[in-house]
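K.L.:
Heads up: the sequence lines are chains A and B, in that order.
Following the working numbering, the numbering of the first sequence begins with 1 at its first residue and continues without gaps.
Following the working numbering, the numbering of the second sequence begins with 1001 at its first residue and continues without gaps.
Because the hints were derived from the structure by calculation, they are not lab data.
Using N, Cα and C, we set each Cβ at its ideal position, and we do this for glycine too.
Among the hints, erroneous ones may be present.
Unchecked claim - Stretches of chain A that chain B covers, calculated by requiring three or more beta carbons in the stretch to come under 8 angstroms of a beta carbon on chain B:
id: 1; region: 144-155
id: 2; region: 162-172
Claimed, not checked - Chain A side only, calculated, beta carbon under 8 angstroms to chain B, not exhaustive:
id: 3; residue: Ser158
id: 4; residue: Ile237
id: 5; residue: Phe239
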Amino acid sequence: MKKQSARRSTHLAWSALSIVVLVAAWQVAASFSDPRLLPGPGRVGATLVAAGLDGSLFTNIGITLARVFASFVLAMTIGSAIGIALGRVVLLNRFFDPWLILFLNLPALVIIILCYIWLGLTEVAAIIAVAINKIPNVAVTLREGGRALDRDLLEMASVYRIGRWRTLRHVILPQLTPYFMGAVRSGLALVWKIVLVVELLGRGSGVGFVIGSAFQLFDVSTILAYALAFVAVIQMIEFLILQPCERRLNRWRR
Amino acid sequence: MAAMTGLEIEIDDKTYAPLASAPTRRIFDGFQLTVDPGAFVCLLGPSGIGKTTLLNMISGLDTDYSGRIEFRGEPRPRMGYVFQTPRLLPWRTVLENILLPLPSTEAARRTAVNLLTDMGMSDTQDIYPERLSLGMQRRVALARAFALEPDILLMDEPFVSLDETTADKLRDLLIEMLAQRPVTVLFVTHDSRDAIRMASRIIVLSGSPAHAVKDIQVGLSHGERLDKGAIEAFRGRFLAQSQ
Ligand SMILES: Nc1ncnc2c1ncn2[C@@H]1O[C@H](COP(=O)(O)OP(=O)(O)O)[C@@H](O)[C@H]1O
Ligand SMILES: [Mg+2]
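All chains should be modelled from the sequences, with the hints used to inform the complete structure.
P.N.:
As structure tokens, this is what we get:
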């Protein structure tokens, strides 16, 4: 235990050092360039504080997070259902595999533009566009999970007649957890980046919209301030929600 | 007490589709077996002869055969199946594993806890199975089978790959459990000591397709079953040439 916490604090020390060096390098680079092109950490920090004080930072991050959350839940639900079905039923997989490959390779931009054209510049279109981008990845990951289900345990469930619901809850879902968590991890990273593009192209609020406007005004300081703030929020979700969740789910492992 | 369940088996044909290069193999061809209610029948045969296949057909896991399997007394009996490996859910505790096939009532919970206590495992109920020894895991699998008060109990070499002392303890435990909770048992094994220690009837399987070459009523008393000498003597008398 002691050893572990010691290792943890050296790990933290290294991370802190690495961030300090990065900021210092940024400062040095900024002092050699046009402050309009690359503002230093001080200026970006001031922009961040100002945006925080007038509330626009929190409003826009909140709106973007809500879109991330909605499209994420939608993509995880539909993607998991499709993935598990494809993993369990060989015939379904044979038929739908080419569709999956098509959707996996469609550029995000194409899906977003088509959604806006077909559904209008609406909130629903934005969220569906993001979800469609993510669904194929979730499906592919969960398909692996569906294929790898332990047959011995499924047989046990059937002999003991525990029923569909208990089989799903106690036998199948726990086996899919690592795949599900994998999809969540890569999903979070992918979804928020796509949400920014969707906001840039067709929404009047959110981090993507702010970055788009800042681009028009050549305001690099705002672009960096919002980007860094959002990265910090996503990291916090990882540390405060995902990791504790995963630890709890993995309690049974030796 | 409920009337006991008997079993009538007639397998006309059981063949597995050939694997890769291996030729098709008929596992059973005109195989018949009647198990009386309350009997402890042991099928004894070398590994690969089709013992697990037979239990899978009886349990309904394998329906790809021609023939009929009928239960006497209870058309759809409650079945306990102790598999060749424990098949416990590693992500559920011992108690949760045992509760899995039971209704979610307080009474069922009490039954399960009492059963664990009777089996000397009350201190393991909140432990995850992979932290237990194989012997303990097999004990939990046995508890799960008994907890649902089965009409018939199928057991597939439940004491295999344990050291002799642990296996012996489990055999004693099973005998004790059966004395308190009588049930029809079909037990398959390749170990004749398992058979002689516990069975009321031993059927020796041999050949391909498998058929019964011996059908022996075991008349040993409880005391004799605990005596290594008596068991070896019985083995010499009835089973020597078949092993
Ligand atoms: N799913 C299967 N497909 C093809 N052959 C199988 C399958 N299961 C078992 N067999 C073969 O059938 C024979 C009997 O197997 P099994 O019932 O497991 O024997 P036992 O339990 O007596 O050791 C073995 O030769 C085995 O290789
Ligand atoms: Mg076997």
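K.L.:
Look at each hint and say if it fits the structure.
P.N.:
Hint-by-hint comparison with the structure:
no. : hint    : result
1   : 144-155 : holds (count 3)
2   : 162-172 : holds (count 4)
3   : Ser158  : 7 angstroms, holds
4   : Ile237  : 25 angstroms, violated
5   : Phe239  : 24 angstroms, violated
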